Amino acid sequence: MADKPKSPTAVPLPPADANVHTTVCDYCVVGCGYKVYTWPEGTQGGPTAKENALGADFPVQELSGQWLSPNAHSECMVDGRKHHVAIVADTDLKVVNKNGNHSVRGGCLSKKVYSPDGTTADRLKTPMMRIGGELKPVSWEMAIDVMAQVSQYIIDKHGVNAWGMKTFSYQYFENTYAISKLAFESIKTPAYAPHDKPGPGNDTAGIDDAGFNPFSASYDDWGKAEVLFISGSDPYESKTVVFTDWMMKGDKKIIMVMPRKTTGAAWAEKNGGLFLPIIPGTDTVLHLALARIIVENGWQDQEFIEKFVASRWEIDSGFGRGTRNTPWQWRTTWGKLGASFEQYKEWILSQEMGELDRAAEITGIDADLIRKAAEMIAKPIDGQHPKTSFALEKGNYWSNNYLNTASYAALAAICGAGNREGRVVSRLGGHQRGWMGAASYPRIYSPEKGPGRRKKEIDLDRWVEAGKLRFAWVIGTTWCQAMAASKELMNSFKAMTFESEHQIAKADVDHAVDVLKKRVDDGGMFVVHQDIYMRGPMGTDFADIVLPAATWGEEDFTRCNGERRLRLYSKFCDAPGEAKPDWWIIAQFAKKMGFKDYDWKDSNDVFEQAARFGRKGVLNYHPLVYYAQKCGKRGHELLKEMGTHGIQTPVRYREALTESDEYKDYAGHYDDPNVVGAIVGTKRLHDPEMDMGVPEGPTLHMKWMSAFGSHSGKAVLHKTPWDLFGDFYDRIKPTGDELWVTCGRINEIWQTMFDDSRRDYIKQRWPEQCIEIHPDDAKRFGIESGDEVLVTNDDVLIQTSGFVAVHSDEASFTSLEKNGHIRIGKGEMKAVAIVTDAVRQGVMWTNALIPGSPANSLVHRVPDPITNRYRFKLGKGKIRKTGESPYKSEFERLTFASRTALP
Amino acid sequence: MKSSNQSCSSDCVKRRGFLQTTAASVTMMLLADVFPGRVSAQDAGTEVPVVELSRQRIAKLSDLTKDVPIEFNYPSRALHTNCILYKLGTEAGGGVGPDADVVAFSARCTHMGGDLSQGYIAEHKLVGCGEHLTTFDLTRHGIMVAGHATERLPQIILELDGDEIFATGIVGLFYGYHQNPTAENN
Numbered sequence: 001m002a003d004k005p006k007s008p009t010a011v012p013l014p015p016a017d018a019n020v021h022t023t024v025c026d027y028c029v030v031g032c033g034y035k036v037y038t039w040p041e042g043t044q045g046g047p048t049a050k051e052n053a054l055g056a057d058f059p060v061q062e063l064s065g066q067w068l069s070p071n072a073h074s075e076c077m078v079d080g081r082k083h084h085v086a087i088v089a090d091t092d093l094k095v096v097n098k099n100g101n102h103s104v105r106g107g108c109l110s111k112k113v114y115s116p117d118g119t120t121a122d123r124l125k126t127p128m129m130r131i132g133g134e135l136k137p138v139s140w141e142m143a144i145d146v147m148a149q150v151s152q153y154i155i156d157k158h159g160v161n162a163w164g165m166k167t168f169s170y171q172y173f174e175n176t177y178a179i180s181k182l183a184f185e186s187i188k189t190p191a192y193a194p195h196d197k198p199g200p201g202n203d204t205a206g207i208d209d210a211g212f213n214p215f216s217a218s219y220d221d222w223g224k225a226e227v228l229f230i231s232g233s234d235p236y237e238s239k240t241v242v243f244t245d246w247m248m249k250g251d252k253k254i255i256m257v258m259p260r261k262t263t264g265a266a267w268a269e270k271n272g273g274l275f276l277p278i279i280p281g282t283d284t285v286l287h288l289a290l291a292r293i294i295v296e297n298g299w300q301d302q303e304f305i306e307k308f309v310a311s312r313w314e315i316d317s318g319f320g321r322g323t324r325n326t327p328w329q330w331r332t333t334w335g336k337l338g339a340s341f342e343q344y345k346e347w348i349l350s351q352e353m354g355e356l357d358r359a360a361e362i363t364g365i366d367a368d369l370i371r372k373a374a375e376m377i378a379k380p381i382d383g384q385h386p387k388t389s390f391a392l393e394k395g396n397y398w399s400n401n402y403l404n405t406a407s408y409a410a411l412a413a414i415c416g417a418g419n420r421e422g423r424v425v426s427r428l429g430g431h432q433r434g435w436m437g438a439a440s441y442p443r444i445y446s447p448e449k450g451p452g453r454r455k456k457e458i459d460l461d462r463w464v465e466a467g468k469l470r471f472a473w474v475i476g477t478t479w480c481q482a483m484a485a486s487k488e489l490m491n492s493f494k495a496m497t498f499e500s501e502h503q504i505a506k507a508d509v510d511h512a513v514d515v516l517k518k519r520v521d522d523g524g525m526f527v528v529h530q531d532i533y534m535r536g537p538m539g540t541d542f543a544d545i546v547l548p549a550a551t552w553g554e555e556d557f558t559r560c561n562g563e564r565r566l567r568l569y570s571k572f573c574d575a576p577g578e579a580k581p582d583w584w585i586i587a588q589f590a591k592k593m594g595f596k597d598y599d600w601k602d603s604n605d606v607f608e609q610a611a612r613f614g615r616k617g618v619l620n621y622h623p624l625v626y627y628a629q630k631c632g633k634r635g636h637e638l639l640k641e642m643g644t645h646g647i648q649t650p651v652r653y654r655e656a657l658t659e660s661d662e663y664k665d666y667a668g669h670y671d672d673p674n675v676v677g678a679i680v681g682t683k684r685l686h687d688p689e690m691d692m693g694v695p696e697g698p699t700l701h702m703k704w705m706s707a708f709g710s711h712s713g714k715a716v717l718h719k720t721p722w723d724l725f726g727d728f729y730d731r732i733k734p735t736g737d738e739l740w741v742t743c744g745r746i747n748e749i750w751q752t753m754f755d756d757s758r759r760d761y762i763k764q765r766w767p768e769q770c771i772e773i774h775p776d777d778a779k780r781f782g783i784e785s786g787d788e789v790l791v792t793n794d795d796v797l798i799q800t801s802g803f804v805a806v807h808s809d810e811a812s813f814t815s816l817e818k819n820g821h822i823r824i825g826k827g828e829m830k831a832v833a834i835v836t837d838a839v840r841q842g843v844m845w846t847n848a849l850i851p852g853s854p855a856n857s858l859v860h861r862v863p864d865p866i867t868n869r870y871r872f873k874l875g876k877g878k879i880r881k882t883g884e885s886p887y888k889s890e891f892e893r894l895t896f897a898s899r900t901a902l903p
Numbered sequence: 001m002k003s004s005n006q007s008c009s010s011d012c013v014k015r016r017g018f019l020q021t022t023a024a025s026v027t028m029m030l031l032a033d034v035f036p037g038r039v040s041a042q043d044a045g046t047e048v049p050v051v052e053l054s055r056q057r058i059a060k061l062s063d064l065t066k067d068v069p070i071e072f073n074y075p076s077r078a079l080h081t082n083c084i085l086y087k088l089g090t091e092a093g094g095g096v097g098p099d100a101d102v103v104a105f106s107a108r109c110t111h112m113g114g115d116l117s118q119g120y121i122a123e124h125k126l127v128g129c130g131e132h133l134t135t136f137d138l139t140r141h142g143i144m145v146a147g148h149a150t151e152r153l154p155q156i157i158l159e160l161d162g163d164e165i166f167a168t169g170i171v172g173l174f175y176g177y178h179q180n181p182t183a184e185n186n
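One line per chain: the protein sequences are V and R, in this order. At position 274 of the first sequence the residue is numbered 274 (the UniProt record's numbering), and the sequence of numbers has no breaks. At position 90 of the second sequence the residue is numbered 90 (the UniProt record's numbering), and the sequence of numbers has no breaks.
Looking at chain R on its own, in the form it has when it is part of the complex:
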């Protein structure tokens, strides 16, 4: 699989410029632009809807341990905004870091909102919901592996700036919402 180890590129800057002028708007973007240099050639031309949100510092790359998830809230502390940062140890779609293995996702199951914070299955790089056993593939943009969810697990767009990992937006709609929350209104 193709990927590069670059941190924030000029593309990111371009996206941030976009963000500053149109806060919290939704746009269709190519995956190659959402995760610059971090998607396979096959996926590069895929269009996904993206909500560009505030840039929020999540963690230091050097603090992460493989298979030890870190919880955080994004883009605010509103209901269901709990998210999880994973260092998978395996290259993943949208992954940042030298091994492109650091990803983040919503911690609410898109079936019925079950809590995924204890659901990481390290052996398979999945996260699963204890309520009805739905599982999502963390290496593949949160695609459902088995279960009942009607949406992929929303992926948090990450950027790496030196050793700092930032969240900058969401691909998908958080469970429970009719439109994604923003930092501004919470």
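Excised from the complex, chain V in its bound form:
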């Protein structure tokens, strides 16, 4: 047996004098508050409240949130000495996760902590260089020296576009500020992409163009809605506590749209809501059909539309001349999309795709269900419009990015959602919000241009495929597996690194620099991978230098959650070996390159400097730093005092707070009686009834705080013609023995399992990549639950060129194919089959991010031409049985039981 489950029958308790820190879960967007207890090995507390730091009498009561489960305990190092660590949900918290509620991910946080004797012992501890084909420890000085010398050479000889970075966008403000300062301010390279997309820019452009900030809602709004229309996500599975503590509460109807039924969807159905099992990629058609039913019946919220939706004149005003260089301007004004309500109504009534029967055929959803959904979200009851909120996530915007998001936004707007309590439009989110940009992306240097004079952000994967990138600094992401056509991308990297004849042979700076210069001049690439664990293939096979990063719990960090709640993630233990926080590593490199202003002493220095650059954004915390200074404190210090409650950004400074206690208690506030003024958070964006007063001190009153984020401050409706997507969709639809392969998250697993693969408990539950298949399809291909299967796709479409478009139709898939910009590649993934009717017939579903068997291998690498976003959810493949897994005949690991069964 490879994996031995360990489920201790006792757990040590923290003594009354244990160290106590506050933090926030490292994982999903919800950002639950936790308390961390550390105490020296050899000591422990007792079972009475006085004898332990939890203040709990053991055994604790049910639903008290006070239980310390064995998986919430581990070991760590504090100041070089071995300690126990226990991490439990903060039972005092009245926002986010209430009364100690938590997910399985957060409940097992302790098991991610570095312990020299535990399952996390393999953390990266020293910088390493690939010498003679093997990664060998080197000094920080040597690693940075080689990186700086070769970087300067590449920039001088091949240009800044050849020097690139691929990094997480969320792993704390301090780090992302340092990363963006280096990339965009110091180097000024456009060759940058965040972890989840091929280039910077909007995730949900159609929502943004409508004027809705994708994180404008508070969790309380989800709680106060009467109807929730959730597109492309089951928050129960992927942002658990926002569902269990907010959405499940009250008398509420929930509609979920996904190709696969999940626990939350089953619960929604059982409790008066609906589950709409959609064929992947057809959400736009569903939205058109719903909007058409609403308009035909006059169920739209006319009062809201008249007050808050832009007229034709309001759409056009201000955009009639100039370069129209920014995407949101051209998208909303090129006539084809932006529309007043009257124009929208006329358009939608003329769309064949929006006719109910046609829509039912395309989406695969019964016409009756579509009609019921339209009634539920919009039909007035006793003259009152239902309080409907609209939530979306990746199933929506990672299948048909622009049209799905724009049509969803229009549907929400005609239902009167977007700016009122319980009537909001937002993303649910994946990871937390931890990007704090130091400078704007240098779009002007980007090699990409859309039709007309519109510069576009880079597609970094295409740039790699084209052989243009000579230096790649990869931080905290499994680049190849996270991007489309993964296997083909691995091949591109392999050819430029591993297979190059120029390899470092000895631990000598001059030699290494010389070899790497030769490699990049010869069309190769120099790769640096910075992470907390060794990750393949980027670290194991491609990187010349691997750098060890310090992470959560090893440094004071900050970021916001899915309702913009800012908190301090406290340092409570030692980082392993010589591992350093990412901001420190960036600073060493920048200083070696001769760049100025990287002299940060600690992470608080970075936090305070970054504050000044986020002032116009929704994550603006500058007034908090200003107020901390007035109080004679450091920014991190004041935030630490605000504990797990924190404060919702944008933070506002006011001389006297006039907000209600309820508002202040929710959004967070800090009022030092010895200092003039106070700071308060912002609960909901776009809210015209928000009590803002006048801007005081450093406070900025941005338009989108009390109005929508469009030019006019009103919501903008968009027409979403199917022909912008239809040619691609028709090309990628499965034929013959092919089935759709779509993907998503599994509640028990976070991202690539970088922590979970070191948790016995989770490894036992999910020892391998699995794939769900409908019983009819399984029968057709002779597959049973527990069989080992191979899924292959020999028809993976890859856009290889076409960086510059001139004419308006040039970016369409038809034109790309006609002009020779598309090649066909291959992909495959291994998995264990789970036969279940939770997935639609014709669709297979798998975990999005298991690096050893990436679903993205089967996904086309042709981004949405309007937004450069991938259609990750629209893979396809043929499945065949290759054997039987051990799980078919054992009781210990994995289970094939239904995830939609409810008690």
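Simulated from the structure, these hints should not be mistaken for lab results. The model shown is predicted, which means the values in this text are computed figures rather than measured ones. C-beta: ideal position from N, C-alpha, C; glycine also.
Below, computed lysine-lysine pairings styled on DSBU-like, alpha-carbon distance capped at 30 Å:
1) V/K270 - R/K66
2) V/K98 - V/K270
3) V/K307 - V/K616
4) V/K779 - V/K878
5) R/K66 - V/K888
6) V/K640 - V/K98
Quick partial rundown of chain V residues pointing at chain R, CB under 8 Å, derived from the structure:
7) T9
8) V11
9) V60
Let chain V serve as the given structure and place chain R on it in line with the hints.
Just chain R, lined up with the frame of chain V:
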């Protein structure tokens, strides 16, 4: 799946001997020894921690009806010691009886202690918690199927002696406890 229909074997006697000398101690044991003759070959070498407790009579095998759970307390009547005996009608890991389908588990959800006594989902052989919808697979040693629990559902070790079903120990830690309760101190 491999299993045999034997009732208490010489292995059980061996374990009881162990129990008598070291009351309520914790030990790592092979699953094959915990559930002798009642685990698949794949699982036999898996090590699990076991608390050996007093031997307590639970029910008569001949009184059980498929899919009708029976509640009992074990190893004492202390807080959260309520457990449930299930006759699943399907072979299960650690199951006793001729069909190896009789199992018992704690009746407290290992997420936040929700009551599982009304949570049996006969169709799927799961037990689920109404608080936050966590479900556990009763055929697979209480592994979590979906939800938020950070531990498997503690399984009660059963032995069959003729028609009598006995509980003899617990695999795992009961919700709410830092160490499992014992019969002696309650």
